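Asks: Chain residues, written in single-letter form:
2 protein chains.
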Amino acid sequence: MRIVVLAGGIGGARFLRGLKQAAPDADVTVIGNTGDDIHLFGLKVCPDLDTVMYTLGGGINEEQGWGRTDESFQVKGELAAYGVGPEWFGLGDRDFATHIVRTQMLGAGYPLSAVTEALCARWQPGVRLLPMSDDRVETHVAVEVDGERKAVHFQEYWVKMRASVDALAVVPVGADQAKPAPGVLEAIGAADVILFPPSNPVVSIGTILAVPGIREAIADAGVPVVGLSPIVGDAPVRGMADKVLAAIGVESTATAVAEHYGSGLLDGWLVDTVDAAAVAGIEGAGIRARAIPLMMTDVDATAAMAREALALAEEVRA
Amino acid sequence: MRIVVLAGGIGGARFLRGLKQAAPDADVTVIGNTGDDIHLFGLKVCPDLDTVMYTLGGGINEEQGWGRTDESFQVKGELAAYGVGPEWFGLGDRDFATHIVRTQMLGAGYPLSAVTEALCARWQPGVRLLPMSDDRVETHVAVEVDGERKAVHFQEYWVKMRASVDALAVVPVGADQAKPAPGVLEAIGAADVILFPPSNPVVSIGTILAVPGIREAIADAGVPVVGLSPIVGDAPVRGMADKVLAAIGVESTATAVAEHYGSGLLDGWLVDTVDAAAVAGIEGAGIRARAIPLMMTDVDATAAMAREALALAEEVRA
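Protein chains in written order, with my numbering: chain A, 2 to 319; chain B, 2 to 319.
Among the hints, a few may not be true.
With a cut-off of at most 20 Å between alpha-carbon atoms, the simulated DMTMM-like pairs for lysine to aspartate or glutamate come out as follows [said to hold, decoys possible]:
1. B:K77 / B:E88
2. A:K161 / A:D136
3. A:K180 / A:D147
4. B:K180 / B:E217
5. A:K77 / B:D71
6. A:K77 / B:E309
7. A:K21 / A:D243
8. B:K180 / B:E145
9. B:K77 / A:D71
10. B:K77 / A:E72
11. B:K151 / B:D167
12. B:K180 / B:D136
Computed footprint of chain B on chain A; a stretch qualifies when at least three of its residues, placed anywhere within it, have a C-beta under 8 Å from a C-beta of chain B [to be verified]:
13. 42 to 49
14. 94 to 100
15. 225 to 235
The hints are simulated quantities; they were obtained by calculation from the structure and are not laboratory data.
In this text, all values refer to a predicted model and were calculated from it rather than measured experimentally.
No residue lacks a Cβ here, since even glycine has one placed at the ideal position from N, Cα and C.
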């Protein structure tokens, strides 16, 4: 079975680990969000791709969900001693090496997809990890600070400001000019099932879908497209998805997110048991729905979610 | 008193520490060799400038004479895990931060001289440290390996091959097109004394002198130019200077090195007491010479050497 998964960072990576356990023999292609990529200290950092790679490759810091395990922070301390920032983005020494290798390869002319493949040769994530695009896409968030409206990089909004002010707009700058990376449309076209993990619907999956051609390819693939709600009981399971949902005028409910994707794209939608009452309304909108436990407390619980997603996909197909 | 010092790496840096003790109120400008700069992992590394900066700024690894004290090697280990080399150049985590800052500033368009000034704002070396040039000069060494003649980067010859084969030629590639960095000629023109520490006469001081305009400015400055022999008893005090001296047809003796610089450039020359017999010959070649202990065993011994150099300069002037 060929499965295509659109993934952001932590939520996507953890779901993939469950999926690998639920369907060990499946051929999984992951299309990763690169809209939150950022240049720091002259180095190209791809937080979502790295989180997937480190999580599936056994190098992730389990507790925080991003960055490397057994990490140290000598380089960061020295950069601060030079007065070079930003200090709010916590890159560890081991993590720096990844960005150094990536930046060197990009500088030598390799596209991000080739670089990602080279990095994965070490990590052996057990999936094919593709960036959504080799072109630069950078998610910016419009905010108002001290009465002045300005646009900040998504990481500045998310990590530095901790989404403490309202997001007035979310713009994937460059997306309209970006092309899907080599292999992306082919993987979608060859898929048996397409899954949306409980990743952020705006700045993760929404950004991937903003690359011209990807949304259309998914809608036209003629295979079940099943998602898992990142909203449980009217609040994001983790992160601050409500902030960016509000920016695009979508309520933070499992129903509203499903309707935001829409029945033209989404065939099936899993909501948490606490949202069981929403199932009928979602099915009324033309999207088959089920209520199951959606907390990724451990790999077994996550594998159960993945099995339910695959079961719902088969139900849709039949 | 305004002193200009031409410096390579370890020998130059240690001499400068002694000079600072011997002449604490002097205004010292250091013209640093950049011919052994190298790009590693996409980062610009300037070994000689950093050795001077770390040594005078209190951050040097005293035992090995280069690199940072209290160093760790997480980044290097990770790069090796990615299969990315070279592994023979030992960059530590703290040191990496310096190269990251430098590379980012160069990428932003700052010349190396401005970058060096910015780095020194942290280290406060107590001297004005100038790269010999903002232009790229790269010392290559011609060698014969397995019957095949090839040119390798100086660092590859020095660090990887440990100068284990003969150097057939030493070429400062790009030197003929390089311009002295801003401030270099001005500092030479305003100097009261110019000193050559016991640095490598070929790949350190020789490279600096190969930048068009610098040798001429020193010869024309009309102030005493005094050097200290890096050769003691027919062998280099440290390093493998004999290998590169042979490549340019100069014997590894204090006398031969003095004659290589020549009386047109050099006014005074300090040799070690074991080479006292050479003094007469050197003076016969038109260069005033003295025999004193030339081992930089500690800062006090080095300060004594610096005082002797300054005394010889005054003797020359009188």
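Asks: If a hint holds in the structure, say so; if it does not, say that too.
Replies: Each hint tested on the structure:
no.	hint	verdict
1	B:K77 / B:E88	8 Å, holds
2	A:K161 / A:D136	25 Å, violated
3	A:K180 / A:D147	37 Å, violated
4	B:K180 / B:E217	13 Å, holds
5	A:K77 / B:D71	15 Å, holds
6	A:K77 / B:E309	43 Å, violated
7	A:K21 / A:D243	29 Å, violated
8	B:K180 / B:E145	32 Å, violated
9	B:K77 / A:D71	15 Å, holds
10	B:K77 / A:E72	14 Å, holds
11	B:K151 / B:D167	12 Å, holds
12	B:K180 / B:D136	7 Å, holds
13	42 to 49	holds (count 3)
14	94 to 100	holds (count 5)
15	225 to 235	violated (count 0)
Of the numbered hints listed earlier, those contradicted by the structure are 2, 3, 6, 7, 8, 15.
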